[in-house]
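Student: Residues per chain, in single letters:
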Amino acid sequence: MIDLVGYGAFFLTTALIFSLVTLGLNLQWGLTGLFNVGLAGFVAIGAYTSALLTTPDDPARLGGFGLPILIGWAGAMVVGGIAAALTGMATLRLRSDYLAITTFGVAVVVQLVALNAQKLTGGPFGIGFIPRPFGSLAETPLLFNLSNLAVVSAVALIAYLALEHLSRSPWGRVLKALREDERAAISLGKSARFYRVQAFGVGGAIMALAGALQAHFTGFIAPDNYLPILTFQVWVMLIVGGSGSNLGAVVGSILVWAIWAGSGTLTSVLFAPEQQARAASLQIVAIGVMLCVILLIRPNGLFGDIPRRPRLGKRAKAAAAKSSSGS
Amino acid sequence: MNETVLDVRNLEAGYEPGVPIVRGASITVGQGEIVVVLGPNGAGKSSFIKAIAGLVPISGGTVLLDGKDITAAPAHTMVRLGLAFVPQTENIFPLMSVEDNLRVACGILERREIPGRIEEMYAAFPDLVRQRRTAAGNLSGGQRQMLAVARALIVHPKVLVLDEPSAGLSPKFVSMVFEMLTGIRKSGVTILLVEQNAKAALAIGDRAYVLVEGKDRHEGIASELWNDPIVAELYLGQRPQHQKGGMA
Amino acid sequence: MSLQFIVDGLLTGSMIGLGAIGVTLTYSILRFSNFAHGDFMAWGTYATLAVVSAIGAIVGKVAPIAPLSFGWPLLVALVVGMAFTALLALLLDKVLFSRLRSQGQAIIVVMASFGASMALRSLLEFTFTSRPTYFSRAIQIAMPVGFGIRVTPDQIALLLLTAILVLGVHLLMTRTQTGRSMQALSQNAALARIVGIDVARVVRVTWIIGGALACVAGVMIGILVQIRPFMGFDMLLPMFAAAILGGIGSIPGAVLGGLIIGFAEAGAVQLIGAEWRAAVSFIILMAVLFVRPIGLFGVRER
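Line order of the protein sequences matches chains A, B and C. 76 is the number that the numbering used here gives to position 66 of the first sequence; each next residue is one higher, with no gaps. 21 is the number that the numbering used here gives to position 5 of the second sequence; each next residue is one higher, with no gaps. 199 is the number that the numbering used here gives to position 187 of the third sequence; each next residue is one higher, with no gaps.
Check the hints yourself; a few may be wrong.
[Unchecked claim] Per label pair, the in silico range of CB-to-CB distance:
| id | chain 1 | residue 1 | chain 2 | residue 2 | range |
| --- | --- | --- | --- | --- | --- |
| 1 | C | His-182 | B | Gly-204 | 37 to 45 Å |
| 2 | A | Ile-92 | C | Arg-304 | 23 to 31 Å |
| 3 | B | Glu-106 | C | Arg-304 | 24 to 32 Å |
| 4 | C | Arg-304 | B | Gly-132 | 50 to 58 Å |
| 5 | A | Ala-271 | B | Ile-124 | 57 to 65 Å |
| 6 | B | Ser-156 | C | Pro-156 | 53 to 61 Å |
| 7 | C | Ala-175 | B | Glu-126 | 31 to 39 Å |
The hints are simulated quantities; they were obtained by calculation from the structure and are not laboratory data. Computed from a predicted structure; not experimentally measured. Just so it is clear, CB atoms sit at the ideal spot from N, CA and C, and this is done for glycine as well.
With the hints as extra help, turn the sequences into a complete structure.
Tutor: Below is the structure:
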């Protein structure tokens, strides 16, 4: 029973960290219509930044600086936010596809740096001994898990409330307006474009914070944690929950993580150990198909608010009509 | 009136389902005629003509071309059915050469017929010959309009349908375009056009319709309509707008 | 530094360029960046490999065409693989992309292509495992051609094949009615329909060309490097960068962009080490976006 509670707390902690990433993505995509297929990169930036700042000194690499955990988290948000804002700035005037490609590139490069810049990131072996908020409780796993859950819940709740507030503020309404009409958004003045960069930056900061939380929760990070599969999982979470809805982002994350963890457990029970890598790839196939099916039949997910057919200009209409005849 | 070529009955059409912009408009166009559709801004003239060309979803009514029902025909089959459309704007492919603009429209012609047909268009529009290798996006406004019309004519359409051919042109080009249309009619092509520039259009047209709120409200001989008080009234109590570039 | 990077750059550039043609066509005609394009490459390569094995099982061992490392079965298999990849692209368009396109939200299609990419790649991993495999394990002797450059016969053959294919696609695009229709559709979709172009048909041709070339690029990688489920996904960033560098919609641009990135990668491998190869595309991509986002041969979007 106690085990079950412990596992439940552990599960929820992970799911809520995912929720935080999904909330960041929802600000970028759901609210602003900015497409980020490299979010794993921003999560990794947060995790590595915080790890560098807070770990004890290690002669094999830069740092660590042994700073307090909260400073690590703040640092993660700053660095992640700046990285995202720069990415947004590069593609500000261009169609969203360019942003997608650029973020994809960011993730590739972050992965490359994590693997190869040993002096900074510890290379393929990653960084260990990342201080845990309640490390002293590690002997009583239940208490440890519950206190972790409490911290992560608190952070997720703060992020949720802040984002809810933001999306109802004038700032959020401008973002939504920009989302509805990308052409207008691009042709609008500098200030409107800057709104988009802000949203992308804040979203990136939230993702980085999630990465930092995860790093301090597990105490160990490695490049493998930040492969494209992470990006993919978070996207599925947002789409299932419903783009544009913060509640959807949280619920979708918990739901998809439950499906993911459940099917993972199932494959480990059903398949022989040597077959498990293959079974795991089948798991990804299933989730990929699920994503496509949801996009096809219920693009709003559970709680989404993006109108199915946004008001289009005549040109876009002609294009839409064109493609329907092309099916 | 001659034998009817284009017969549009009670046409209803609009972009959004349930929100018709064209609400039961009917017109007929006889062989060899120039028929003008006039109307105040927002009357649905452009949507009406685009619906005929298959570009706006039709929710009711019929369009007959030479007695054949073409109501639901996809836009890309219209040239084969004998209806060629010239949009108001963006009516050329800007990055393709003038010659390729003509050639790309020849999909329904026999392969061996194409070079001769292109030369015929150059003969009819000599301005285009010198520019044949130029990217169409570099042409002047009047030349673009010529290219767009030549591109429509190249496939021997029964009916040429134009959406505001004078829009955005300088007065000199406006008169040129309308002269061109009279020339085309002489060669036996039937013409249906929508115009803001009522005076210039009525000067070359045979008959005209006035479209108001998506419905045809008045019909008459073009030359008489200019002084028709009903027309003035339909134009919200004003005379059809006088444009400086009109063919006075 | 050794001049060998010229050959390496040409080869890498050819692979990237062939793939980038598909990316640039999909983007300019269907108006979305297809993240599944790399996986078309991998699927085409595995399909070709499967056909080679099948032929081997039926007719027994076939001697390679001297001095190449492969025999006629690979050529036959390549043609089958190209057809298979084209069909795969058409199928994916039918069940997924075309339906989303008709809803009018281009970026949703990008999302779907990302999901499809994950599913396709993992399906390959499931079927063939992630272990690398090869068309031939024979080691070819590289011939010195002067200036310290060495080339294998396979490399020469594949460069020739690339040149022929690129020329072929270029002629198709500029000299045929189909090619003009494709240009027309990418410049103004509504007008393309008005002038009588059957959009559905042009879309099919686009997928067929893109898919078939992706397969060739994949098989090149398979012959010269190795075959892995991730082989296409790893090419995605270079291909996108090449398409953008060349100017979206431009076939010569995509090929030239591919060659530039190929040379830059080959140079970087010599100067700073192979592990940083993947960063080259990103740096070039960022430079293009900041300096000239329309690329070398591009035109401003209307």
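Student: Look at each hint and say if it fits the structure.
Tutor: Right, here's what the structure says about each hint:
no., hint, verdict
1, C:His-182 - B:Gly-204: 37 to 45 Å, "41 Å, holds"
2, A:Ile-92 - C:Arg-304: 23 to 31 Å, "25 Å, holds"
3, B:Glu-106 - C:Arg-304: 24 to 32 Å, "25 Å, holds"
4, C:Arg-304 - B:Gly-132: 50 to 58 Å, "43 Å, violated"
5, A:Ala-271 - B:Ile-124: 57 to 65 Å, "59 Å, holds"
6, B:Ser-156 - C:Pro-156: 53 to 61 Å, "59 Å, holds"
7, C:Ala-175 - B:Glu-126: 31 to 39 Å, "34 Å, holds"
Checked against the numbered hints listed earlier, the structure breaks hint 4 alone; every other hint is satisfied.
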